[in-house]
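Q: Make a model of the complete structure from these sequences and hints.
Line by line, the protein sequences give chains A and B. FYI, UniProt numbering numbers position 287 of the first sequence as 287, with every residue one higher than the one before it. FYI, UniProt numbering numbers position 198 of the second sequence as 198, with every residue one higher than the one before it.
Don't take each hint at face value.
[What the hints assert, rightly or not] Here are the simulated lysine-lysine pairs, DSSO-like style, with alpha carbons at most 30 Å apart:
#1 Lys144/B to Lys251/A
#2 Lys323/B to Lys319/A
#3 Lys85/B to Lys110/A
#4 Lys107/B to Lys224/A
#5 Lys311/B to Lys251/A
#6 Lys323/B to Lys224/A
Quick caveat, the hints were computed from the structure, so don't treat them as lab data.
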Amino acid sequence: MAESRLLTDKHVQYIQTLGNSKDDLSYHMTAHLRMNAIYWGLTALCTMGHKDALDRVEMINYVMSCWDDEAGAFGAHPDHDAHILSTLSAIQILVTHEALDRVDVNRVTKFILSLQQPSGVFAGDTWGEVDTRFSYIAVNALSLLGRLSELDVEKTVSYIRQCRNYDGGFGNTAGAESHSGQVFVCVAALAILDRLDEIDQPSLCWWLSERQLPNGGLNGRPEKLEDVCYSFWVLSALSTLGKLSWIDAEKLTEFILSAQDTERGGIADRPGDESDVFHTHFGIAGLSLLGYPGLVDLDPVYCMPAPIIERLGLRKGWKALPRRSL
Amino acid sequence: MHQQDSSTLVLFSERPEWADVTPLEQYEGVNPLAPIYYSEEYKDATSYFRGIVKAGEMSPRVLELTEAIIRMNPAHYSAWQYRYKTLLELNNPLDDELALMDEIAVKHLKTYQVWHHRRLLVARTREPARELAFLSRSLRADTKNYHTWSYRQWLLAYFNEDTLWERELDFVGDLLEEDLRNNSAWHHRFFVVFQSGVRKGDEDRGAVAQREISFAKQYIAKAPNNASVWNYLRGVLEHSKIPFSELQIFVTPYTLPQRSEDDAPAEVIDLENPLPSKLAQLPCVAAIEFLADVHEAAGGDSIMKATELWKLLADEHDTIRKKYWEYRIREALRTV
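A: Next up, the structure:
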């Protein structure tokens, strides 16, 4: 029996009780993802209008306990080495909770800038793994910290340009295949830097609209399976480029709703699979952009509550579908 | 040698040769949000890892310990990082490390860290051919693995040896024979042919373009409803600045419904314009789209032909993207 509405209360409960269940495979051995997981959970709650469902002070204390004083940035878990992924999530959580004053902005800025390589790409940490995801993370984080002016924009953009493919899409490194997740990070980074002119918009927007499969779901690349998380990544890029209407909203909404776990709560990658906080967050984010009634607006560039980004004066020219009434 | 399978792993806390190390428990005092459930073995190994890191030890037993952690959780990037530093410190033969990684990679192909570690190793061993062979085996098993392909592209560009590039087309060709819908393989082909400089024998870029167009046509004929091959074809034409109109004759049969055996006159085989296979589902959406682009580019009276084809897509053959086709119609009519 296909679920036809968003089970908000169930999802709020699901997020509140994360980690209590030992059977929850997505939490087994995922200390390195914990900071990200909290950001996903918090943002999903904000989008559903239940920001207070998790304790603010406890969350801020947790974030600060992940401060790696040697590196001057945040790890995923107390005593974990700093990484750019967890650093962005930490900043996003603190901004959402209006607690950015707790951060040593100078040190974090230094950490982020130190990760830029000569080619213009960013590494995740001193280990040197590079990916356009990290370019986006650097740009997003610096922007939230108010330090974007310290970034070498030309260098950053030139690497993203090298990742542009013949189909208009973007890959994770120069020469790599176009992938919806990588398209999201490249488009969002370029949006923050006011460099959307680097995109072959007609080709890319068409490529993005082609991600939609007959079942309504979106995939990451041609001839691959649909997955709820692409609901956000593809929709974010299309919103930023003003072509969100090219997706069949009704069919995608149906698809996302059908991936809900009606018993445990949460949303899975596709109908019938086990839910997890990652897909819960991105499914709800997608629904918000599609104008699903009762949800809070989400900024697709920063993937954070829109009112907060607006208040910071960081809103870019994106367009979501109008919010339908209940 | 202790068994590495996590279910029978002897805890480090129970091994006398580790008695000198002080394990450090994971910081759990703050009742953290989203707490992690640890298996006993993982808890034990990571506690000893924290102890080793704090002491700054870089010895052979550290390799044993980090291997145990990686096998249980290949995403533990600190373990990888420390392992790499230890390998260098000990001056261990990196070939052996790569061989060990071959085995671990089989189970954990979808983890970023597995690939980055290899990248660091091969940058030191300077033996890309061996890596390419490993990647080929890896891709035969998991033909669309994003990390594997991305690593292959990096490897080829980084070492940039003709002997490595030369065999790529055959490799891609084999994969496409097995699965012509492998988007990664099509992308890689474009990368090898058009984005990696000019190699000996391929100096005539016009001939290269024609070769690739023929190649794409053959695959379209076999199975026209394959987004990857049409994207590839468009990419080749645009890159080589060949107008789409040159393929109008080829594309047209694909825009029509399948004819029954009785209607079809005896066809003279035209190698330049292979016809759709008998099993092809026609009309093919991508072909209609292509033909519409041809008409649009011609301008003038042809614009109406383009809008008719887009209408066909919006109303019948690709209704899920109705709004997109209606946009194309509106935009084209504005120029009339």
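Q: Identify every previously stated hint that the structure contradicts and give their numbers, smallest first.
A: none
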